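As a plain string of letters, each chain reads:
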Amino acid sequence: MRLGIIDVTEWQTIVDFETGYPVEERGELVTLAAEILKASPYPGDLDLASSRWVTDTALRLWQHYQPQLMFLDYASLFLNYTFRPIPADQFRAAVHEVFAEVERFVSQSGFTPVVVGLGDLTPFKGYIDVVHSDGQVAAGGMSSRHAGLYAPSLRDIQALRDHPAVERVDTRDDFRAELGGCDDFYRRFPDVLATAKEGYAFRGVSSGARPIYRMPRYEAAVPWYSPLEGAEKITDVAGMVLQAAQGQRVALILVEAVGCDTFPWPYRTIENCHHWHHYTAGDGQYLTLSSGRQFTEHPYPPGYRFYLEDHERKLYPFSGIYGQRPTGMLGQRFAGRSAAVGNRSVLTHLAAGAQITVECFARALYNQGVMAVCE
Amino acid sequence: MHVSHIEAVPFYHFQPGSRTFMLGGASCNLDCQYCSNAYVARAEPAPLLYFELAPERIVALAQQHGCHNITFAVNEPTVAWPTLVELAQVAARAGLPLGVLTNGYVPAEIAEQMAQQLAFVSVSLKGFSDAFYQRYAGVPSVRPVLRTIEILSRRTHLEVVTPIVQSVNDEDIPAMADFIAGLDRNIPWHLFRLLPEYKMATYERPSIEALDLKLQQVREKLHFVYLGNFVGSQWVSTCCPACGALAIERISLGGCGAKAVAYHLQDGCCGQCGYKLPLAGRWVSWSSEDKVA
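Chains A and B supply the protein sequences, listed in that same order.
Take the first sequence: its position 266, counting from 1, is numbered 266 in the numbering used here, and each next residue is one higher.
Take the second sequence: its position 263, counting from 1, is numbered 1263 in the numbering used here, and each next residue is one higher.
If you're looking for bench data, these hints aren't it; they were derived computationally from the structure.
Just so it is clear, the structure is predicted and the values come from calculations on it, not from any experiment.
Treat the hints with care, as some may be off.
What the hints assert, rightly or not - In silico DSSO-like links for lysine-lysine, alpha-carbon gap of 30 Å or less:
{"no.": "1", "chain 1": "B", "residue 1": "K1276", "chain 2": "B", "residue 2": "K1214"}
{"no.": "2", "chain 1": "A", "residue 1": "K38", "chain 2": "B", "residue 2": "K1221"}
{"no.": "3", "chain 1": "B", "residue 1": "K1276", "chain 2": "B", "residue 2": "K1199"}
{"no.": "4", "chain 1": "A", "residue 1": "K38", "chain 2": "B", "residue 2": "K1276"}
{"no.": "5", "chain 1": "A", "residue 1": "K197", "chain 2": "A", "residue 2": "K233"}
{"no.": "6", "chain 1": "A", "residue 1": "K314", "chain 2": "B", "residue 2": "K1276"}
{"no.": "7", "chain 1": "A", "residue 1": "K314", "chain 2": "A", "residue 2": "K38"}
{"no.": "8", "chain 1": "A", "residue 1": "K125", "chain 2": "A", "residue 2": "K38"}
{"no.": "9", "chain 1": "B", "residue 1": "K1214", "chain 2": "B", "residue 2": "K1199"}
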């Protein structure tokens, strides 16, 4: 049984991760996870010390579990600079602080690092309001660069095509013909998907309420650092990591909000696109990096009406909109011990697929505690 | 605005299982030192009021998203009371009940209007003394809140919420319970383990075990006492007050409320002993397209 261990400070519970129901199960891994959670209270998304939390927790996990493969994500730069009006001139110092934490993990653990910067941020330019559309529009999340339209009118489509902040408007068929992908992805895909120009976000029902100050930049290439060789595209990284992990301990380390302009270490680049689509930090980029398969090969598309499947029997209630486990992730494909730590909440366990994952339990920036997921 | 489980608001006894269209605005008439939503409650309202929507458009959006009711949450609804009344009337004509979360700090006349216009209301009873309201909420007295609860308890569906701040208002729990029980033992009472923010962000989180211990006596006074606002809470399900059997199962996914995952009543009655539970409205499955008003 896959288990979730939830720690809300001074109190823990164990749940069947598939159903969400409390269980009494115990075992070596659960006991270890519970101890690590107890020792690792999360400082909060808007505290830059959350990077230190990732490293501290990862080192604890490495010391006690001795995995051969690790997945780490550092999201504090993204969270702080997207949702707080921090002056840009403080950014480089913050980047160095985060990379000092990455360096601390690497030097103390001895893992061979593969450090990927997921792309720079750019100042937020404005909203594209879609609340007056005739058809239904899904623009969920805290800052949505996509809007899914369901049964749109001609007026809706024309309004988006004419909007100066909209980059493109694609029907499902056009999108599939160009980008391909699996049936599940298109079963959930909107009738029409609109993509904002860089710096803009859609706003409608289910859009986040917090003010935004920056958005991900659309980057054709993102930086990576590693002594390993062999990655030219975003889909190459997983294979390279898995191959190297056959003979050494390897850590895939994702750092959000850092691109070629701000990556502080010597780097090479990987292509960060699928046709015209630029990856930005989020589930598409995470799952692609970990699986080696493009975002269209995973079941949840942008512009998806997640609430439709949020019924009483939805599985994996602690996995956000995901009602099924992504397949083919790094941990799932690795025969040895794997572990993950990150502060991008559910994306950590979804993308890592590790035997044990520790992540922050923060929702819409509210710090609720920490959670471990054990296979 | 977003689509939510009504239990997430939280309302546990009004149309359980239903899909609610939740919306909010900005601003508040209190200044709670621990506010979790200070970014909307205490900020300049204009930049946060993203949409200007007529009541008819809000109702149309709720219907478009298959919602069974509408809830005004996030900030204090009475700061825009006249427009909320318009919305309630338009929603009622469309068969969509409207409910709100309120701090209850309103004149008696407004409380009477709330009872008349709103199908379901949750009042936040934050403390039980004038001193508490003066120090932590920025207003002179608790009495208007108690008066609002009294008025609403007689005339509409009412649930009460109390955020517990360790060593600040937890000693008031027995007195608050006596007050609520004096009105109606069936009023659902939601106690939140508050995670203080805003001006009290450094305060410690209340101990769950200590809170649960305090609530053991309260559960003898009131039939429906819930403890939540933390992920994984095991005190969010409804049990039959007569025999203790599970009536509605919920899981807490974090945030204020929970999500209903199973309903064990038959025609509103306990499947074990037949006791009629005092719910307002019947169970509505999340995916049901039925109108339930």
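Against the structure, the hints come out as follows:
1. K1276(B) with K1214(B): Answer holds: K1276(B) to K1214(B) is near 28 Å, not above 30 Å.
2. K38(A) with K1221(B): violated (35 Å)
3. K1276(B) with K1199(B): violated (44 Å)
4. K38(A) with K1276(B): violated (42 Å)
5. K197(A) with K233(A): OK: K197(A) and K233(A) at ~23 Å, within 30 Å.
6. K314(A) with K1276(B): Cα-Cα ~29 Å, so holds.
7. K314(A) with K38(A): holds (29 Å)
8. K125(A) with K38(A): At roughly 41 Å apart (the allowed maximum being 30 Å), K38(A) and K125(A) break the hint.
9. K1214(B) with K1199(B): It holds: about 26 Å lies between the C-alpha atoms, which stays within 30 Å.
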